[in-house]
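Q: Build out the structure end to end from the sequences listed, making use of the hints.
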Amino acid sequence: MVKISKKPACDCGCNGDGASPSEKKHPGLQPDFIIGSYPSGEKSVPLVSTTWSRTDRLSALKVRWSIGRMHYKVDPGIYAVGKPGDQSLVFVTANYKLSFDHLRRGLDGLDAWILVLDTKGINVWCAAGKGTFGTKELVRRIRIHHLADLVTHRRIILPQLSATGVAAHEVKKMTGFSVTYGPVRAVDIKAFLDSGLKAGERMRTVTFSLADRLKLIPVDIFYAKYYLLLIPALFFLLSGLNPHGYSIEMAVETGSRSILNLFAGYLSGCALTPILLPWIPFRRFSLKGLLVGWLVALFLMGAGTLGNNAVEIGSWFLIMGGLSSFMAMNFTGSSTFTSLSGVQKEMKTAIPVQITMTALGLAGWIFTRFIIL
Amino acid sequence: MDIHQIYYPMKEFIYLPDVVTLELDREKCNGCRMCLTVCPHAVFEIKDKKAVIRHKDQCMECGACAKNCPQEAITVRSGVGCAAGILNGILRGTEPTCDCSKDSGSCC
Numbered sequence: 001m002v003k004i005s006k007k008p009a010c011d012c013g014c015n016g017d018g019a020s021p022s023e024k025k026h027p028g029l030q031p032d033f034i035i036g037s038y039p040s041g042e043k044s045v046p047l048v049s050t051t052w053s054r055t056d057r058l059s060a061l062k063v064r065w066s067i068g069r070m071h072y073k074v075d076p077g078i079y080a081v082g083k084p085g086d087q088s089l090v091f092v093t094a095n096y097k098l099s100f101d102h103l104r105r106g107l108d109g110l111d112a113w114i115l116v117l118d119t120k121g122i123n124v125w126c127a128a129g130k131g132t133f134g135t136k137e138l139v140r141r142i143r144i145h146h147l148a149d150l151v152t153h154r155r156i157i158l159p160q161l162s163a164t165g166v167a168a169h170e171v172k173k174m175t176g177f178s179v180t181y182g183p184v185r186a187v188d189i190k191a192f193l194d195s196g197l198k199a200g201e202r203m204r205t206v207t208f209s210l211a212d213r214l215k216l217i218p219v220d221i222f223y224a225k226y227y228l229l230l231i232p233a234l235f236f237l238l239s240g241l242n243p244h245g246y247s248i249e250m251a252v253e254t255g256s257r258s259i260l261n262l263f264a265g266y267l268s269g270c271a272l273t274p275i276l277l278p279w280i281p282f283r284r285f286s287l288k289g290l291l292v293g294w295l296v297a298l299f300l301m302g303a304g305t306l307g308n309n310a311v312e313i314g315s316w317f318l319i320m321g322g323l324s325s326f327m328a329m330n331f332t333g334s335s336t337f338t339s340l341s342g343v344q345k346e347m348k349t350a351i352p353v354q355i356t357m358t359a360l361g362l363a364g365w366i367f368t369r370f371i372i373l
Numbered sequence: 001m002d003i004h005q006i007y008y009p010m011k012e013f014i015y016l017p018d019v020v021t022l023e024l025d026r027e028k029c030n031g032c033r034m035c036l037t038v039c040p041h042a043v044f045e046i047k048d049k050k051a052v053i054r055h056k057d058q059c060m061e062c063g064a065c066a067k068n069c070p071q072e073a074i075t076v077r078s079g080v081g082c083a084a085g086i087l088n089g090i091l092r093g094t095e096p097t098c099d100c101s102k103d104s105g106s107c108c
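If you read the sequences in order, they're chains F and C. Each step along the first sequence adds one to the number in this note's numbering, with nothing skipped, and position 115 is 115. Each step along the second sequence adds one to the number in this note's numbering, with nothing skipped, and position 40 is 40.
Because the hints were derived from the structure by calculation, they are not lab data. A hint or two may mislead.
[What the hints assert, rightly or not] Computed footprint of chain F on chain C, listed as stretches where at least three residues anywhere in the stretch have a Cβ under 8 angstroms from a Cβ of chain F:
| id | stretch |
| --- | --- |
| 1 | 13–23 |
| 2 | 39–49 |
| 3 | 52–60 |
| 4 | 73–81 |
[Unchecked claim] Derived pair list, reagent style SDA-like, types lysine to any residue, alpha-carbon separation capped at 25 angstroms:
| id | chain 1 | residue 1 | chain 2 | residue 2 |
| --- | --- | --- | --- | --- |
| 5 | C | Lys-50 | F | Gly-200 |
| 6 | F | Lys-136 | C | Thr-37 |
| 7 | C | Lys-47 | C | Ala-73 |
| 8 | F | Lys-348 | C | Leu-91 |
Predicted, not measured: the structure shown is a model, and the values here were computed from it. Ideal Cβ positions, reconstructed from N, Cα and C, are used throughout, including at glycine.
A: See the structure below:
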């Protein structure tokens, strides 16, 4: 949610021209949420379904697990839901397909227009933070799609979380359209309409329920990407080292134990801590993660997999604690309530501690490879 | 009791106290309620026809209020409350950003 004066070039393909990759690969093939075309003036716009197909559901599941998450886009522009006319409401959203899907499902049974902005395939809140879901893009889209000719009223409904990027009073000044911020969740749209375009405090407040947290965990699990294979492989290889040379047997025995400990530490931080978030003491995520990491280490010590001697056991407490603490701290990025100032304050002390713990732990563990205790 | 207080125990989700940079100049406020509308954590309320900061520690510095205040009465150092984003910024010598890079390959 930072203001970037000069937008850095994006290398991961999320800065495309807005056309969906599927469209590029299969010209003429249209996504299955488009169920027809709807006349608007002399032209026509795609008419979209308000239900999720099996493909929609499956793709939603896949992007939660980081599969194709950076290329999950719809084309920016105007879409129709139901049988909208020049009096119908206009809802604005991002061109991340999951954002678009939630909106069209929330509009089930209504006649409305959807204006999709080009947010480079990023969701509403994050795009608003980056400024891609911003005043400039909204004003540009209102103009190039001739919204003033499409509807006679001068009101557009934006998701509330886009307010980080959009200045309502400036949009009004530049286009004549007044921005009404709708509810945070598309599922509340009907209640919002029923109460005369008013969102109560509950509809306006961001939550962080267990279900919300569960959805965000998979992406964090893949944070380390190929290191998830590389580092365990390294531990496996090093496990064979001993004062007498190299032993395949030890690589298998100590190695598999080490890999278990490593993953336990990693998952303590990026899965267990997020799940238990509100019930773990401490406000700092790094401390929450440290506590959980150590509890898991304690459990593994009881199970006998942590190590064969005090130095090895101690080393694993340091590595697992440091790793879990770091991964838990990373979850601040997924959370809906941590501030920049707060995270900076937390990192100032946490990062040096995490690095020291992990380094000492690694040194201790390597030491046990060469010394028989 | 409101059912949503049970399902969404937001009160438990308060981050570090006394760090938030949010400031409101009540002199400039015209009581338009826009900050109440856009705040995702119900930080503001209206008292004597003007906004006041009710729960400062609940603020996540998203900047929506400052951006939408027509009176420019609100200031906040807004940015990503995200450790990976801050690290990203430190490593690349920029402001904290969750913007994509070759290294992370992620766009959140």
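Q: It remains to establish, for every hint, whether it holds in the given structure.
A: How the hints compare with the structure:
1. Here the stretch 13–23 of chain C counts 8 residues with a CB under 8 angstroms from a CB of chain F, which clears the bar of 3, and the coverage holds.
2. Counting residues of the stretch 39–49 of chain C whose beta carbon lies closer than 8 angstroms to any beta carbon of chain F gives 4, which meets the minimum of three for the stated coverage.
3. Counting residues of the stretch 52–60 of chain C whose beta carbon lies closer than 8 angstroms to any beta carbon of chain F gives 3, which reaches the threshold of three, so the coverage claim holds.
4. Under the rule that three or more residues need a Cβ within less than 8 angstroms of chain F, the assignment of the stretch 73–81 of chain C holds, with 5 such residues.
5. Of the pairs offered as hints, the one joining Lys-50 (chain C) and Gly-200 (chain F) holds, with about 19 angstroms between alpha carbons and a cut-off of 25 angstroms not exceeded.
6. As the CA atoms of Lys-136 (chain F) and Thr-37 (chain C) are separated by approximately 21 angstroms, the hinted pair is consistent with the 25 angstroms bound.
7. A distance of roughly 15 angstroms separates the Cα atoms of Lys-47 (chain C) and Ala-73 (chain C); the hinted pair therefore holds under the 25 angstroms criterion.
8. Annotation: proposed proximity of Lys-348 (chain F) to Leu-91 (chain C) holds, straight-line Cα distance about 15 angstroms (limit 25 angstroms).
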